[in-house]
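Order-wise, the sequence lines are chains A and B. At position 87 of the first sequence (counting the first as 1) the number is 87 in this note's numbering, and the numbers step up by one without a gap. At position 23 of the second sequence (counting the first as 1) the number is 23 in this note's numbering, and the numbers step up by one without a gap.
Simulated from the structure, these hints should not be mistaken for laboratory data. You may find that some hints are simply not true.
Said to hold, decoys possible - Restraint-style ranges between C-beta atoms, simulated for each label pair:
1. Ser55/A - Ser98/B: 19 to 29 Å
2. Glu56/B - Leu10/A: 26 to 36 Å
3. Asn64/A - Gln17/B: 42 to 52 Å
4. Lys110/A - Thr20/B: 40 to 50 Å
What the hints assert, rightly or not - Straight-line Cα separation of at most 20 Å, SDA-like style, residue types lysine to any residue; simulated pairs:
5. Lys14/B - Glu106/B
6. Lys9/A - Glu106/B
7. Lys11/B - Lys9/A
8. Lys57/A - Glu106/B
No residue lacks a Cβ here, since even glycine has one placed at the ideal position from N, Cα and C.
Chain by chain, the residues:
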Amino acid sequence: AQRVTQPEKLLSVFKGAPVELKCNYSYSGSPELFWYVQYSRQRLQLLLRHISRESIKGFTADLNKGETSFHLKKPFAQEEDSAMYYCALTEINTNAGKSTFGDGTTLTVKP
Amino acid sequence: DTGVSQDPRHKITKRGQNVTFRCDPISEHNRLYWYRQTLGQGPEFLTYFQNEAQLEKSRLLSDRFSAERPKGSFSTLEIQRTEQGDSAMYLCASSFDSGTGGAGGELFFGEGSRLTVL
Numbered sequence: 001a002q003r004v005t006q007p008e009k010l011l012s013v014f015k016g017a018p019v020e021l022k023c024n025y026s027y028s029g030s031p032e033l034f035w036y037v038q039y040s041r042q043r044l045q046l047l048l049r050h051i052s053r054e055s056i057k058g059f060t061a062d063l064n065k066g067e068t069s070f071h072l073k074k075p076f077a078q079e080e081d082s083a084m085y086y087c088a089l090t091e092i093n094t095n096a097g098k099s100t101f102g103d104g105t106t107l108t109v110k111p
Numbered sequence: 001d002t003g004v005s006q007d008p009r010h011k012i013t014k015r016g017q018n019v020t021f022r023c024d025p026i027s028e029h030n031r032l033y034w035y036r037q038t039l040g041q042g043p044e045f046l047t048y049f050q051n052e053a054q055l056e057k058s059r060l061l062s063d064r065f066s067a068e069r070p071k072g073s074f075s076t077l078e079i080q081r082t083e084q085g086d087s088a089m090y091l092c093a094s095s096f097d098s099g100t101g102g103a104g105g106e107l108f109f110g111e112g113s114r115l116t117v118l
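Could you put the whole structure together from the sequences, leaning on the hints where they help?
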């Protein structure tokens, strides 16, 4: 069964500090990993996905299959990064379709 | 196209009543998903459609829950004989699957329909 764990419910950093949001997963097949973000009063939206290997809004995430992790990182946090972040896993090479989400981490960036 | 839209945004009902939520996906998307989210948790998968076919249902979806997607366009999620434990945010999402065996792509979410069962 798929499982996504985000060990930190809350994370608080000062503006300009590095930030890392942790995500661990368990899945026996080939996963695709995503980070979704929900800003205040907005809908859930995609931040980045591991296959694109892009940096979005300064965030990066590397899939580590050995450690089954997909941590989200940003070297210099900004106040506008304050939001709820969800890590999600989807099976690939199947028609299973569904994504499994972690319980989220609330990031607060203090001025 | 303004994205995925859900209606109503908020529904308050008494225990035992039936409720129905509607989701209009992004028009060119062939996949439509329903998720449920309670306070402090991430979205939990309920069911999804590929066009009009309902391809997977979670064990969370009891017999009181039914979802349809006639003609492969909008979808409805009905909850019969609501219970207080049904109180949650019901999220709809859509995506485009090219059929080449990938993961189904990015999910585009609606703003959700919040259900409160008194």
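Hints broken by the structure, by number, lowest first? 5, 6, 7
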